[in-house]
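Starting from the known structure of chain A, fit chain B onto it as the hints suggest.
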Amino acid sequence: MNLERLPNEEKLGLCRKYYLIGFAFLPFLWLVNVVWFFQEAFIKPAYSEQLQIKSYVKRSALGLLVWVTVLTTWITIFQRFRAEWGEVGDYISFTIPLGTP
Amino acid sequence: ASMCKIYVHLNYTFPCVRLLNATHQIGCQSSLSGNVGVLHELESEENLDWVLTSGPNPPYMVILESRLFTRSIMMKLKEGSGRVAGVVVVAPNTNPPEGFSPHTACPNDNSGVYTENYDPTLAHCNATVWNPLGNGLAYEEFDFPIFSVKDDNDTRVIRQCYQDHNRRVNGSNPQFPLCAMQLRSSMSAVTNTATCKRRNDINFSLTPDRVCDELGDFNIWASSRPMNTTTKGHKEFESVVIAAARMDSRSFFFDIAPGAESTASGIVTLLAAAHALRRATQEAPPNRTILYTFFQGETFDYIGSSRMVYDMENNQFPLDLDNIHSVLEVSQVGLHSDSKLWLHSDPVSRKNSSVKEELVNGLKSASAGLNVSVDEPDVSQPLPPSSFQRFLLARPIPGVVIGNYRSSFTNRYYESMYDNAEYLNVSYPENMTSEEQLEHFPETVKTLTEVATLVARALYVQAGGNETQLANITADPQIVNQMLYSFLVRANNSWLQQLVPTDFTNHLGKLLFFLSDRPTNFYVGVIQYFSEPTTLVQYMLANMTGSVVNVTQEDCQKQREDKDDDQSKHLYTYMWVQGAAPPNSTEREGFCVRSTVHRSIAVSPAFELHEYTTSNYSTWTESVWKPITGRIFLVASHDLEMLTLGVGITVLLTSLVLTYVISSKADILFSSGREPTSATY
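Quick mapping for you: the protein sequence lines, in order, are chains A and B.
The first sequence begins at 1 in UniProt numbering and counts up by one.
The second sequence begins at 1 in UniProt numbering and counts up by one.
These are computed hints drawn from the structure, not numbers from a lab.
There may be inaccurate statements among the hints.
Covered by chain B, according to a simulated footprint, are these stretches of chain A (three or more residues, beta-carbon under 8 Å) [unchecked claim]:
1) 81 to 91
2) 94 to 101
For each label pair, taking beta carbons as the anchor points, the in silico distance ranges come out as [unchecked claim]:
3) Phe633(B) - Thr76(A): 53 to 61 Å
4) Ala61(A) - Ser54(B): 19 to 27 Å
5) Ala24(A) - Thr629(B): 48 to 56 Å
6) Arg80(A) - Phe633(B): 34 to 42 Å
7) Thr76(A) - Gly646(B): 48 to 56 Å
8) Ile202(B) - Thr76(A): 19 to 27 Å
So these bits of chain B aren't anywhere near chain A, every CB distance computed over 12 Å [to be verified]:
9) Val190
10) Ala394
11) Gln497
12) Leu645
Cβ atoms here follow ideal geometry from the backbone N, Cα and C, with glycine treated the same way.
Chain A on its own, in the form it takes in the complex (with noise of 0.2 Å):
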């Protein structure tokens, strides 16, 4: 989809139902919000609902920044320290590696 060819309300709509709906665990839409809206947010000209716009973007982007901190922290301590759980790492694992602990 192009957005060149959007009138400036159904931009606005857009960027915020990827705003919404991303709250339901779904943290690639705020990425995807972010990337995709980043030029008419920052780059373009003024316009009436640039405000906005510009609001929901750096919201987006608040919260992946959120879920990316929080994944990486427990896939670190996963990964490194899963071995040393014994039954409860075997529990929570879906695939455990053959041959190592």
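Frame of chain A, contents of chain B only:
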């Protein structure tokens, strides 16, 4: 014309595999696709320096002659793990004269009766070290593969490759390409039995993989007098003398376990004694029943005997521990120079027992007319590792263990791949059929026959038999010869072929067993696979103690004597065996053997109770593995590989750049002087 091959596969290799118990993992492991290393033939222990520090092309695959396969060298290799990709041991054609035992110095230390509670001065081999040559290698953990190859064509190829490419010439380092070997023995199980059993049971993954299997098989037992085997638990008025022997052995490598002195000598002696007693126990039966028992899995913390004791305690066996009068166990009895046997007993329970004195006296008097003499060792000395210890753990039963050793094993190759026919001086002339070979009687047969006669007479007296019958009880040297040949040389011989059924397929047509053409492998193995000695002992014991009955094949296989008989199956086992072909025909004439031979399951009680961390029972399991292979090939230097990769990436990037440049300037490069076609009038 010779075929150029990249890989040369190694055919007859024996890997070392991973075994796990409640607390440890032992054995070897390779990476998933196999460990690759540059070959290096180790010349001496000092040469280890090349492998561990100074060699320029790590990791190395070390080739060891058997004289260098020692604990100190292996421990040093184990430390230098980053630079050692694996070890290949070349098995010699003759046994090393100095002896070699990869087992521990104190076998089955924590699973017998001698613990701190029982008597601290006797625990942990404080009184005497049974296996002084034991270096414990088989119970160490290695993170690289260790394979054994026979000294034959394969090894010649390996050595030739090493000579051509890897040898140092005049002090300069060998140049690439170098000869390398890849060994793959990737084990799936890790840590210990509890972990691997837990991972076996995980059932929410897409493809549940088995990671380990428990060791176990069956015990074989037979009674000299039939008794009802369907009713379990204590039997009134039944008093038995257990005549025990173990049926298994092991070595450092998987599926090699010739166990000649440690196992076969005991089995053959007890079977021959059972045969010698057949007539006496039928014509002049003694007061007590003799129970001939062969335990499987004893090497791994007494799997078979602990299970039998457990079954007896839980009324799962046709007898009870209170039915046992005494135990006589035949341990290693292959005699060597001084023809002397030692009668071991337990110093703690001895204090309260006159039965044991009777047993010892019975043995001493039975040896009177024979070429074998018996004696007792020091009064304070404990029992050697033996199945009898598990019975003692449960009850203070009197008993004696017979062995050819006084205070430490005379067997220089205990639980190693060298405990074979050569060690027992059992050899037959080459290039003859099995029938012709069996006409020859090695010296060992005569001595084992004497021991079997001794054991038979002592058992008869211990069971309350009349001493006047003793002169009639003698073992048959021909039977001893045939059995020894079957276990130590090849089971597929004309004598044994007569004693087994025609085919060992189950009802689904799957082949369960076959007589092999090589020395018996006494390794107990996992419960899913039949262990070779169990089946051999089962059919031999049936032949030794049972009798031929005139029953049709159909009735025989349905465990009855005729159509309306439904009582015999409680007392007897019927086996239809293929017999021999009469002189003027090729069809074998089968017959039915009725005996009291039964199998009882030999799986550790730890697996019945699902207690995988217990120290009371054996918890040994064997890892599941991916296909085990080995191959040799030439490798190029790492620098050459990097150069090739670099050139390839450069070509890729250059072509991308070139394509972009050309396509952006396409209208200039490919203008053909035509008029522009767009017309906007």
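Return holds or violated for the Cβ distance of Ile202(B) and Thr76(A) against the range 19 to 27 Å. Distance hint for Ile202(B), Thr76(A) holds at roughly 24 Å.
Taking 12 Å as the cut and beta carbons as the points, is Val190(B) off the interface with chain A? At roughly 5 Å from the nearest Cβ of chain A, Val190(B) sits no farther out than 12 Å, so the non-interface label is violated.
Checking the smallest CB distance to chain A, is Gln497(B) really beyond 12 Å? About 42 Å separates Gln497(B) from the closest Cβ of chain A, which puts it past 12 Å; holds.
Is it true that Arg80(A) and Phe633(B) lie within 34 to 42 Å of each other by Cβ? Roughly 37 Å apart at Cβ, these two residues keep to the hinted range, so it holds.
Verdict for Thr76(A), Gly646(B) (Cβ pair) under range 48 to 56 Å: 32 Å, violated
Range hint 53 to 61 Å (beta carbons of Phe633(B) and Thr76(A)) holds or violated: With a Cβ separation near 39 Å, Phe633(B) and Thr76(A) fall outside 53 to 61 Å, so the hint is violated.
Are three or more residues of the region 94 to 101 of chain A within 8 Å, CB to CB, of chain B? It holds: at least three residues are needed, and the region 94 to 101 of chain A offers 7 whose Cβ sits within less than 8 Å of chain B.
Far enough from chain A: is every CB of that chain over 12 Å from the CB of Ala394(B)? 32 Å, holds
Proximity test - 8 Å, beta-carbon atoms, the region 81 to 91 of chain A to chain B, at least three hits: Coverage by chain B holds for the region 81 to 91 of chain A (3 residues, Cβ < 8 Å).
Is the hinted range of 48 to 56 Å satisfied by the C-beta distance from Ala24(A) to Thr629(B)? The hint (48 to 56 Å, Cβ to Cβ) holds, given that Ala24(A) and Thr629(B) are roughly 50 Å apart.
With 19 to 27 Å as the target window, see if Ala61(A) and Ser54(B) comply at their CB atoms. Given about 56 Å between the Cβ atoms, the range is violated.
Just want to verify: Leu645(B) was marked as not at the interface with chain A; is every Cβ pair farther apart than 12 Å? 28 Å, holds
Checked against the numbered hints listed earlier, the structure breaks hints 3, 4, 7, 9; every other hint is satisfied.
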